[in-house]
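**Student:** Single-letter residue listing:
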Amino acid sequence: MAGLELKQLRKNYGKVEVIKGIDLTIEHGEFVVFVGPSGCGKSTLLRMIAGLEDISGGELRIGDKVVNAVEPRDRGIAMVFQSYALYPHMTVYDNVGFGLKLARTPKEVRDQKIREAARILQMEHLLDRKPSQLSGGQRQRVAIGRAIVRQPEVFLFDEPLSNLDAALRVDMRMEISKLHNDLGATMIYVTHDQVEAMTLADKIVVLDGGVVQQVGAPIELYQRPANLFVAGFIGSPKMNFVSVSADSVSGDIATVSGPDVVGVPVTLPSRKVAPGDKLTLGVRPHDLVVAASGSIVGRVGLVERLGNETIVNLELPSGASWLAVLEGDQALKRGESLALDVDPAKALLFDDAGQAIPR
Amino acid sequence: MSASTMAGSPGQTETRAIKRSPYPGWFFTPAAIVYTVLFLAPTFASLYFSLTRWTLFDATFIGLDNFAQFLREPFLIKGLINTVIYAVVTSGLKVVVGLLLAVMLTSQIVARGYLRSVIFFPVLVSTVGVGITFTVLMHPTQGMINEGLAIFGITGPGWLTDPNLALYSVALVDVWKGVGLATVIYIAGLVAIPRDYYEAARIDGATPWQNFWYVTLPLCRPATSTVITLSFIGGLRTFDLIWAMTKGGPGFASDTIASVIYKQYQAGFYGLSTAGNVVLFILIAVLVVPLTMFLNRKQGHE
Amino acid sequence: MKKRASIIGGAAAIAATFVVFVIPFIFIVLMAFKDRQQSALRDFSWPTGFHLWENVFEVVKTRNWMMITAFINSSIITVVSVTLLVIFAAMVGYVLARRRTRWNGLIEFLILAGLMVPPAVVPTIWLLQGLKLFGTLHGMILVEVAYNLPFSIILYRAFVSTIPRDLDEAAIIDGARPLDVFFRVVLPLLWPVTVTNIVVQSVGIFNDFTNPLYYLPGNANATVQLTLYNFQSQFSTAYNLLFTNILLITIPPLLVFLFFNRQIVAGMTAGAVKG
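Chains as they are written, first to last, in our numbering: chain A, 7 to 365; chain B, 6 to 307; chain C, 630 to 904.
These are calculated hints, taken from the structure and not from any lab test.
Hints are supplied without guarantee of correctness; some may be wrong.
As the list claims (entries may be wrong) - These stretches of chain C come out as covered by chain B in the derived footprint (C-beta under 8 Å, 3 or more residues):
hint: 1; region: 674 to 688
hint: 2; region: 696 to 702
hint: 3; region: 743 to 751
hint: 4; region: 770 to 784
hint: 5; region: 812 to 820
hint: 6; region: 879 to 892
Said to hold, decoys possible - Chain B side only, calculated, beta carbon under 8 Å to chain C, not exhaustive:
hint: 7; residue: L177
hint: 8; residue: Q271
hint: 9; residue: Y275
The structure presented is a predicted model; accordingly, all values stated were derived computationally and were not measured.
Where is the CB? At the ideal position from N, CA and C, for every residue including glycine.
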């Protein structure tokens, strides 16, 4: 049984701090995805958990043991690398069995474990090949097989699918998900692809600038992003933003206006704004609907008609550019004026520090 | 949780993990010991001994006298000048001939394998053997070269006996032996040039000559820089070929610093010999460091 | 049209390189086949009789079978120095490529210095005498190792940096200790550059003349290059024997050339493209 606990975990290279004190609890058996733009520290954090990077400060527990100074081999972890990192001079069989050999596992046990892993991953026919004779997907399987035979408490994945083509990526994603169900082990998975994060995770950790921005279930992050960064990062296409100020607050509804929008109602039972507050309004492209009396008016730019939906670039009066994904086919013309509306329950407000205003 | 509240000073809760690096530092040790004892230590010792009159058993400090002697004695100055001439001539010829041969060998010429092997093989042959062979071939009256020239009615010179020519003759043999290396370096550089550039140049209507001048030459500059640096340092340090062919003669006509060092060593002037080493070191530093800086700076511009 | 031009050009190139590069070697071989009288003419003529075996025998037994001793000495020096070079340089090249410390700059500077700075000969002799190694094969071997380390290290370092670091890390996760990472994962992958190192350094050390001249005086520990040099004065009238000697010491590099041409070229051009 191994959960993980990170307490004020820090990493600096000389004066440059890349991980700025991270607190995080991961339950046993959870599938956790670290997601963020490149350079956000997600890979560094994973490598610190693996023991490939020294920990500069704070405490890391795996199970109930502090492992800051424990060698990687004694942490009960296994890791799958982005490049697969298969040993080119060994066969698949030896690649998978290398760790067992180093641990001086008896030959019969080793053989049985390797074959078991190969069976799980359906790669028994590949065991005699060298990595250079394998396709990308097959290499990926071997890399996962190498992790499985170690029977780790915690699996670490460092962008494992980014070298595969799109179709294969979907397949492997499902296999990893299935593997998680079958093995019941804790898995930590790093990616910059938010679709992977949304589909795989029990819990997503959004990182930026070496700091945790938000932790939560995928749908929670989508519906209730904690700040502008998370709101912009999760969801595709990206959320639209515009500067506004609060006009009035009455009942559960706050009304906001700005240079680009006039009188947009937002559901806000908490009433945590006062008239005159400087705010940012966020609306997802999918939440915009065409309405003749709409409060958001702009000029139509590029229109992409996909049949089932229509993606419209909209230029607002201030020059800001918004995206709207409209249902069905809409024959819009470039340059024409378009009025849109948004469901008050789906619009989000952020304060001038970028934090979401709780409903 | 905002970024501003999280950015505390690093290392407040310092729990320095003392994990061993997976790359053991002691891997340096064997090499470091041999290199320090047999290369670095003598090099530093030479700085002192070059300032002494030295019998190996005791050394008398005489300041800069040895260096003064180097700049006073005409035959020592001659050696200094010869060294530079030799290095310039050999590296210059290796660059030009090596590049031409490499261009030829990367073109659609027949028997490329044969040509490449034949040009490269002398690189691997004993320098002493080559020196002796060419001493025989370059004999003014009985050497094959002059006999061959006589067929065409040319009276060949005294390659190694004419004091004005001896150094250049040895340099020529050096080029004969070493041009194969320059050629393969250039070949490696030339095949690394993407074909696209030539195709683009062809669409722009470049002639073969323009191709060479505007595409090949600038793009194989790393190879040029390697060839020049390697053969220039080699030329400055050259000893074995000169010693096998002329022993610095006739007179001191083909002496270089390296042969002077050996002669002074043989004569028991250990301090002077060591000063020669230091002079050679300074010469290399003064000429090669700016040269490589020049070659690399030009590269940075591309 | 183009094809014909290439054939004509090829023929001209073949003829020219034949005269310049091949004839000197044919000359050596012909001389080695001649008897003393004919060889004294030093001309490019067909041998009047087949005297190669006599010549070889005479060269080999001269000065109390000096040639045999010399071949043995040269072989020992070459084999042992190259073995040490490969081991030491692989270790340094590996750690140097992988581990970033503040010493790296200094180490790299010392390596470059080793390629440029001419060895200080007399102080080295003085030092070897102090260590009781002057004039011994041990001393010579250590000197060859010291002088050739920089080049070998550069070859190894360049090659190690092409091996993805992920492999080391995968091995570490798999439970490999530092020596396991080096010997089981990295070293097997270094085989190509090891072959290159062996071949290039063997040829260089076998052909080395200058260093044995300084550090191996006397006859007891002479190398083949030294004996050839000494024979030059001894055989000043017996050109057939002199050239037989040259022929004999050209055979080892020739064999290397025939079998390892590709590795030699790879080693000697390493870094040329990158600059």
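**Student:** Each hint: holds or not?
**Tutor:** To see whether the hints hold, each was checked on the structure:
1. Proximity of the region 674 to 688 of chain C to chain B, defined as three or more residues with a beta carbon under 8 Å from a beta carbon of that chain, is not established by the 0 residues found.
2. Coverage of the region 696 to 702 of chain C by chain B is violated in this model, with 0 residues showing a Cβ closer than 8 Å to a Cβ of that chain against a need of three.
3. Under the rule that three or more residues need a Cβ within less than 8 Å of chain B, the assignment of the region 743 to 751 of chain C holds, with 9 such residues.
4. With 7 residues carrying a beta carbon less than 8 Å from a beta carbon of chain B, the region 770 to 784 of chain C meets the three-residue requirement, and the given coverage holds.
5. Counting residues of the region 812 to 820 of chain C whose C-beta sits closer than 8 Å to any C-beta of chain B gives 0, which falls short of three, so the coverage hint is violated.
6. With a cut-off of 8 Å between beta carbons, the region 879 to 892 of chain C has 6 residues touching chain B; three or more are needed, and the interface restraint holds.
7. Interface hint status for L177(B): violated, as the beta-carbon distance to the closest one in chain C is roughly 11 Å, over 8 Å.
8. Annotation: interface hint on Q271(B) violated; nearest CB of chain C at approximately 10 Å, more than 8 Å.
9. For Y275(B), the suggested interface contact is upheld, since its CB lies about 5 Å from the closest CB of chain C, less than 8 Å.
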